[in-house]
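Take 1 as the starting number for the sequence shown in my numbering and just add one per residue.
Don't take each hint at face value.
When the alpha-carbon atoms are kept at most 25 Å apart in a straight line, the in silico PhoX-like pairs for lysine-lysine are as follows [stated by the list, open to error]:
#  : residue 1 : residue 2
1  : 119       : 94
2  : 292       : 203
3  : 337       : 373
4  : 443       : 431
5  : 101       : 30
6  : 210       : 139
7  : 30        : 297
8  : 139       : 52
9  : 117       : 49
10 : 139       : 117
11 : 363       : 373
12 : 119       : 49
13 : 399       : 373
Hints were generated in silico from the structure; no laboratory data involved.
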Amino acid sequence: MSAQKPFYVESELGTLRKLLIHSPDGGIGKIIPSTFQDNLYDDIVHLKKMQKEYNHYVKLLLYFLDPEKVAYVNSCQQSASEEVQANCFIPGKKEYFNSDKVLEAQNLLEAIMQDEKVKIRLIAAICSYEESSYSIQQKLEAIQNNALLAKIMITGILPAAETGSGEDHYIFPPIPNFIFTRDIGIMLKDHILLSRMATTARKRESLITKFLALYYFFKDTPEKVIEIIEESDFFLYEEQERRQRIITIEGGDIMMIHSGHLVVGCSERTSSNAVNEIIHTLFSREELGIEKISVVKIPRKRAQMHIDTIFTQVKKNVWVLYGRYSEKIMEAENNSKKSYLNILAHSSDQQKEEQPEIIQFYKKAAEPYQRNKDYSCPNNPAGIESLLVQISVNDFGCKEEDVTIIYSGGNDFPHDDREQWTDSCNVVALKEGVVIGYDRNDKTSEAFRQAGFQVITTQQAFTLFESGVAPQSLENTLILLPSAELSRARGGSHCMSMPLLRDRF
1 MSAQKPFYVE SELGTLRKLL IHSPDGGIGK IIPSTFQDNL YDDIVHLKKM QKEYNHYVKL
61 LLYFLDPEKV AYVNSCQQSA SEEVQANCFI PGKKEYFNSD KVLEAQNLLE AIMQDEKVKI
121 RLIAAICSYE ESSYSIQQKL EAIQNNALLA KIMITGILPA AETGSGEDHY IFPPIPNFIF
181 TRDIGIMLKD HILLSRMATT ARKRESLITK FLALYYFFKD TPEKVIEIIE ESDFFLYEEQ
241 ERRQRIITIE GGDIMMIHSG HLVVGCSERT SSNAVNEIIH TLFSREELGI EKISVVKIPR
301 KRAQMHIDTI FTQVKKNVWV LYGRYSEKIM EAENNSKKSY LNILAHSSDQ QKEEQPEIIQ
361 FYKKAAEPYQ RNKDYSCPNN PAGIESLLVQ ISVNDFGCKE EDVTIIYSGG NDFPHDDREQ
421 WTDSCNVVAL KEGVVIGYDR NDKTSEAFRQ AGFQVITTQQ AFTLFESGVA PQSLENTLIL
481 LPSAELSRAR GGSHCMSMPL LRDRF
């Protein structure tokens, strides 16, 4: 294990040792149908049920990352008090399990505000961004309970006890997508690349993450915090050109796939100019040792907002992929009936928009970076599936014939589309070959079984562990979370995790 570095990630598969999460908070319960689009939701969730489902996720993480905390959680669950049962999973409550391996963003926010200067700076930054009144800023500065203050910063709810009116006040919009901590920042070995969210609904998340990075994760080494922003003259351009030059980066589009190889999505949420600047910035940071950057251009679609909604890695030689973005599947369909749509369709037709593209860039680690040099590769993979095979073969030393692609919904329409929508391709690896998925994706689960995987529910996993089976002894296993409500938020286990430390792979 990389014990010498508290935060280090160089793959999607190294045994997970530390990660950042955020439990579903009260702000999610304030979304109404007319604000779905603004808040990036497609349905109303039942908050209490969502939290119970998420608790399964947290307990599973504790079994693998911090088993000593499981006994405490189990004792709380056996309490006669329903309040104690619930509170052990609620950040800010005295009964909360408080792991130093399964880190809660709200707790870290509380921790950095122990420094009064940081607290005042954070309050001022958030109030300025949210255009709050000076009186609101003063009320927040007067709150001495940092646990309460951290909760307010996230939920946007000033409780009745602090308002003086006997009623709760809503001082900031909710940030209901904060449960998807994958998107807020990306560990690149022992550095962090800060996200720059594409939508207004998530901007406060970026601001909070910047404070966590600078005052918690890398307090003593701020040079390891990488920020990519627009050029200084960006604001002088007219609106249309600003849209072309804007930089938006979300973690669901960035995969530190191998020690020298980064995969970057160019998508609805990560802009082309951002990708351009990522290439230049990371190649210029020679200490990172990143030699290859593979850009995956995908259509700007809500259903496939990030590349991790299309594919994720399960083992060195196993991937889960949405078949409609596989060039091999499309080629097989074309061979069964020749399609001329690509040459007949107008450029505005959807058929033309659905073709992903892979563009690769390469610079030797020891080679000095030159900003005017062309690092693009002359030959690129034919599509996403070819890229995944290439990674397994070139980066992980697998034989091409041993590479397995598990398709969403078993590549059976309409199940492939339905289950991709509910995050069948969005799995996170606890260790190589042991991943977390959603229980509602039945056809994808069956595809995992056919590929030789054991498929069990979280409750079955807990029973195994309580009988003495060591979590780390599991191999080739898909563990299913209850997901009736979690899936409505449009993110899976990969989205709900920001790995901070993985074993070197």
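Status of each hint after checking the structure:
1. 119 with 94: 21 Å, holds
2. 292 with 203: 30 Å, violated
3. 337 with 373: Measuring from Cα to Cα gives roughly 44 Å; hence the hint is violated.
4. 443 with 431: Holds, because 23 Å separates the two Cα atoms, which is no more than 25 Å.
5. 101 with 30: Violated. Residue 101 to residue 30 sits at ~30 Å, over the 25 Å cutoff.
6. 210 with 139: Within the cut-off at roughly 23 Å; holds.
7. 30 with 297: 35 Å, violated
8. 139 with 52: Measuring from Cα to Cα gives roughly 33 Å; hence the hint is violated.
9. 117 with 49: 38 Å, violated
10. 139 with 117: 16 Å, holds
11. 363 with 373: Roughly 10 Å separates the two Cα atoms, so the pair holds.
12. 119 with 49: 33 Å, violated
13. 399 with 373: Roughly 34 Å between the alpha carbons, so the hint for residue 399 and residue 373 is violated.
When the structure is compared with the earlier hints, violations turn up for hints 2, 3, 5, 7, 8, 9, 12 and 13 and for no others.
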